[in-house]
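Chemist: Construct the entire structure; sequences and hints are all you get.
Chains as they are written, first to last, in our numbering: chain A, 1 to 265; chain B, 1 to 406.
Be aware that one or more of the hints could be misleading.
What the hints assert, rightly or not - Straight-line alpha carbon distances no greater than 16 Å define the calculated EDC-like cross-link-like pairs of lysine to aspartate or glutamate that follow: (1) A:K79 - B:D390; (2) A:K75 - B:E300; (3) A:K111 - B:E300; (4) B:K174 - A:D69; (5) A:K79 - B:E38.
What the hints assert, rightly or not - Partial pick of chain A residues on the chain B-facing surface, computed with a CB cut under 10 Å: (6) G44; (7) Y54; (8) M59; (9) I138; (10) V152.
Hints in this document: simulated from the structure, not taken from any laboratory. By construction, the Cβ of each residue, glycine as well, lies at the ideal position given by its N, Cα and C atoms.
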Amino acid sequence: MSLIHEAFSKAKSENRAALIAYLPAGFPTIEGSIKIMQEMLNNGVDLVEIGVPYSDPLMDGPIIQQAVDIALHNKTGIKEVMQIVKEVSQTGKPVLTMSYWSPIEKWGVEKYAQQMNQSGGVGVITPDLPPDESDLWITATDQNKIDRVFVVAPSSSEERLKLVTNNVTGFVYAASLMGVTGTRTEVSSRAEELVKRIRVHTQLPVAVGLGVSSSEQAHEVAKFADGVIVGSAFVKAILEQPDLSKAVVAVVQLSKDFARGVRKD
Amino acid sequence: MTTFLQDLKKIDEETGHFGQFGGRFVPEALISALDQLEDEYLKAAADPKFNEDFQNLLKDYVGRPSPLTEAKNFSKHAGGARVFLKREDLNHTGSHKINNVIGQALLTVRMGKKRIIAETGAGQHGVATATAAALFGLECVIYMGEEDTVRQSLNVARMKLLGATVVPVTTGTKTLKDAINEAMRDWVTNVESTHYLLGTVAGPHPFPTIGRNFHSIMGVEARQQILEKTGKLPTAVTACVGGGSNAIGLFHPFILDKDVQLHGYEAAGDGIETGRHAATLSGGTIGILHGTRSYVLQDENGQTLPSHSISAGLDYPGVGPEHAWLKDTGRAFYHPITDTEAMDAFSLLSRTEGIIPAIETAHAIAGTVKLGKELGKDAVIIINCSGRGDKDVETAAKWFKITSNS
Ligand SMILES: Cc1ncc(COP(=O)(O)O)c(C=O)c1O
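Modeler: Pasting the structure below:
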């Protein structure tokens with residue numbers, strides 16, 4: 001079983017959803033992102049998604065855009081991302097990267113998958129790569145034993161859900177709403193419906209992301225999903241802290257809160 | 001040419017691939033809207049009523065066919081070649097952009113959507129979109145880089161007069177690229193009620209294909225007009241290339257005319273060697289931007305590099321995938337034109353022909369001066385006069401240091 005599936009199984013056996021945290025690599029600094037993700041994984045987070053900074057993040061709202069700008073300012077390229085993956089993987093927890101397709105294609109599809117494997121990474125989320133354009137990527141990830149995660153949305157037709165889930169190997173990323181990343185005051189009512197529709201097509205774990213910003217919301221999502229993805233809420237907490245040690249304290253607290261939130265009971 | 005015909009088979013109209021270029025690199029959330037647009041387009045294209053409505057609007061509202069004007073005085077500066085201007089500057093709203101806008105606005109109505117959004121650089125696409133929104137009673141939001149709202153302030157006022165909301169985009173480079181990012185973010189959020197009326201032949205499939213088809217009217221007319229005027233096909237057709245819509249619309253109907261040369265002129269800003277330019281095909285590499293694979297200005301990490309041009313409409317680090325394919329197959333040629341060369345040509349056409357072109361268009365004028373000298377006086381060249389220069393008067397006055405009393 002892959003590390004990803006182990007993490008989901010363990011969460012399930014503990015009657016909870018897996019908690020997945022997103023943070024852009026190189027934010028607030030390269031060292032800082034390593035430290036923060038290690039602390040997340042030591043304080044209740046089950047998997048981390050390390051974001052590859054990209055100049056044109058058109059799926060992201062203002063909070064993550066701001067963090068990505070800082071990461072790019074810190075000169076976080078793919079070489080640095082792989083170094084971060086390597087350091088964070090030493091926790092023994094599953095580490096994925098999340099990248100827009102442009103950086104991966106430019107770096108080299110095969111090379112990216114290979115370096116992920118060498119760095120101890122276990123999966124890659126590609127939010128703007130539909131399976132229709134994925135032939136090379138599927139071969140490269142299979143050969144390098146990297147799990148593929150694709151994203152589906154409330155607007156996805158049954159036919160698309162089938163196509164996407166057939167090509168996923170890690171977990172299915174269900175976007176809870178139509179829109180960009182950011183904090184929201186409520187969980188979209190469309191999330192539960194989407195998860196149900198996904199389960200018709202696959203046995204793989206389904207994680208819900210976009211807009212989950214409080215432990216109460218995480219709890220609601222945990223009732224119907226196998227994983228809860230939290231991004232902007234962590235990023236916002238870090239943006240609000242002037243120095244790293246305070247950011248770490250805030251993130252540790254948030255991780256613990258969300259970890260309580262994802263319990264199903 | 002046989003090899004080009006073999007290459008032509010590598011265009012897959014159904015998935016929007018031009019050889020290795022094109023495709024769809026977008027979030028799954030947008031796939032259903034792109035499918036819907038493609039379906040509606042295919043249905044509309046086969047519907048005589050749609051074609052009639054489209055043709056009537058082009059005729060009675062846009063003012064087509066646009067004239068093909070011979071530029072006899074200008075010709076002397078272009079090696080004596082006979083030069084004809086395809087007068088898209090005379091269209092309603094002042095540029096070629098309206099052709100595609102009318103087509104897509106009709107599709108919007110057919111899809112039952114009530115809101116359109118668009119990006120704009122020079123403001124010409126924004127004005128055309130705001131115009132169609134007024135005509136069809138649609139809500140309209142235009143995203144425009146903050147830097148462009150300043151250098152094309154006349155068009156901002158026009159859009160507002162037409163009832164559109166103009167949102168200045170302050171992220172990234174504050175130009176066209178970032179306006180597209182913001183429009184995409186709006187679209188994923190409101191896709192069920194909103195059509196994204198993309199203004200050039202870039203972006204994910206089917207935008208490059210439908211944009212080209214709606215714009216092909218320019219080449220179809222020009223081909224017929226030149227045959228009437230000269231009795232033969234031209235030696236070359238030329239156009240400026242930002243995202244590539246005015247160029248592909250003129251080029252496409254000539255693609256199978258193997259003896260007609262196709263030349264596109266990109267914005268070289270301060271010069272390609274300075275790194276401050278927007279000449280994607282001449283100075284870029286193959287990559288992904290805004291949902292399509294094409295030539296892109298980017299670094300080895302796939303980060304888009306900022307582009308630079310005096311022309312807001314050409315200031316874009318990407319280009320439509322069909323142009324990438326035409327370049328690699330050798331069917332079309334693309335050349336860089338600096339700010340200075342373009343502004344010299346802007347002045348030249350104004351003074352020799354009494355036609356003030358858009359600064360975008362001035363790049364094609366400058367390119368044709370060079371091409372005419374190469375091809376000589378027996379050549380016949382058609383330039384796509386893609387837009388008029390009213391919007392650029394302030395920029396030009398600054399460039400030429402014109403004041404009210406000098
Ligand atoms: C008059 C004019 N010509 C050309 C362009 C460049 O766009 P494209 O390359 O899509 O024709 C613009 C864009 O704003 C324009 O306004």
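Chemist: Provide an ascending list of the numbers of those earlier hints which the structure does not satisfy.
Modeler: Violated hints (numbers, rising): 1, 5, 6, 9; every other hint is consistent with the structure.
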